[in-house]
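J.: Sequence:
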Amino acid sequence: MSIRDWPANERPRERLLQLGAQALTDAELLAIFLRTGVAGKSAVDLARELLQQFGGLRPLLQADLAGFSQPLGLGPAKFALLQAVLEMGRRHLAEQLQRDSALESPQAVRDYLKARLRHEPHEVFACLFMDSKHRVLAFERLFEGSIDAAAVYPRQVLKRALAHNAAALIITHNHPSGVAEPSEADRQLTLRLKEALALVDVRLLDHFVVGEGEPLSLAERGWL
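Last residue of the sequence shown: 224 in UniProt numbering, with the numbers rising by one and none dropped.
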């Protein structure tokens, strides 16, 4: 049965307009994105099958073009549309941070860092550079690979902070394992960078570790 033949209060688009996007299931949200199903399957049926094949919404969103195109004939056009939607979400979060003080919007910082780093298959170390009012000037990925205290160079972090004329910054890196618990190397790296940045009057406000859930703040742990 086509979704058009469903009762109005059961159709994903109508439910979204009535109840808000947060009320929909992953399959319903994905069905709205897909717009149409395939022979013998509604868009919701197709969405459920895709989620089952990929193992959830997150692996589907993280798939590259080859992985996305294999199941059920999804092609480059849908992949390009999905990437555009994801990038618009990241830019929306970035604009909010640029308008507001990062310290006054801790959840906005967490949401932005999750959007930028949670999907990465390897470790990425990045910085949010901020002005004296703690508004974001720029986000930069500085190091990639296996991140530890020896692999992150304070001199490069200082160089980029001075290039942005930053007064403060937040450092962040992801744990591809999904476990955001900081390691001893993470703590040592935080202290090294805090001391190095203080030499040029730049404050290190926090170090967030991004995993599967909410990013973990070393400042909130009292480790900064």
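It is worth saying that the hints were derived from the structure and are not from the lab. Be a bit skeptical, because a hint or two may be false.
The list that follows gives simulated cross-link-like pairs (lysine to aspartate or glutamate, EDC-like), each with its CA atoms no further than 16 Å apart [said to hold, decoys possible]:
1. K114 with E14
2. K159 with E195
3. K133 with D201
4. K133 with E104
5. K114 with E140
6. K78 with D64
7. K159 with E212
8. K78 with E95
9. K114 with D131
If you anchor each label on the Cβ, the simulated ranges turn out as follows [stated by the list, open to error]:
10. G56 with E87: 31 to 39 Å
11. R155 with Q53: 25 to 33 Å
12. T36 with R203: 46 to 54 Å
13. Q70 with H119: 31 to 39 Å
14. A198 with Q22: 41 to 49 Å
We treat Cβ as the ideally placed atom computed from N, Cα and C, and that holds for glycine.
J.: Compare the structure with the hints numbered earlier in the document and write down the numbers of the violated ones, lowest to highest.
T.: 1, 7, 8, 9, 10, 11 and 13
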